Amino acid sequence: MSRFGRSGPPPIRDTYSLLVLNITFRTTADDLFPLFDKYGEVVDIYIPRDRRTGDSRGFAFVRYKYEDEAQKAVDRLDGRLVDGREMMVQFAKYGPNAERMYRDDHRGRDSRRRSRSRSGDRYGRDRYRERDHHRRSRSRSASPDDYKRRGRDRSPSRSRSRSYSPDDDRKGGRDSLSPARRSTSRSPLKTPPPRKTPPPREGSPARRNDDRSPVGRNDDRSPGSRSPST
DNA sequence: GTTGAGCGTT
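Quick note: the first sequence uses our numbering, first residue 1, plus one each step.
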């Protein structure tokens, strides 16, 4: 998918990978190509997609031929408004050529001290991670689980719903809680509501009102309202 | 039709 129109991934001899984050889910490599190509020689652009849906994950990888151009693109395109969203450009930390970056890190370090503060504190995007730890909606958190499920038990329709509690599968609690939960909702129509039985507060002073309680209920329970004979 | 931290091959 990293091909702009070519076939197969280009050779990674001296290319530097840039990680583009915060891009829209609709942004494609073709949209980022003209943007990054203006600041340097883009060797390849790759956008990881979902294995199931095939949609973009919201980030892309841009490979530059030289680190100078790559670093420049980071400062220039970082925070750039694309499709109505600011994309964050940064050097790829992991990857096939990640080792190369560490090698030149000693000389590319001084180039980093740039006006990075202009973007980041103003957007305040960092506050989201602290506020919500479980903010993940449907990211690849369940992706690895889906693969394992498919190998042991093929249940595509159920694998999605079971992603929330993969522990019950091995515990066998699946069958245990089934009858328990079913007993309550099994016959909600004929069986009285499973309301929690109130603790016996006979010794409670407030219970003295019980003297008038049966009176009020008795009135409500009068056959007049129970059996409205027409 | 949605979502929003991260790290990559069809």
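Just so you know, these hints were derived from the structure itself, not from any lab.
Certain hints may be false.
In the DSS-like style, the derived pairs of lysine-lysine whose C-alpha atoms are separated by at most 25 Å in a straight line are [unchecked claim]:
#1 Lys38 <-> Lys93
#2 Lys72 <-> Lys38
#3 Lys38 <-> Lys65
#4 Lys93 <-> Lys65
As the structure is a computational prediction, the values presented were derived from the model and not from experiment.
What are the numbers of the hints the structure violates, in ascending order? none
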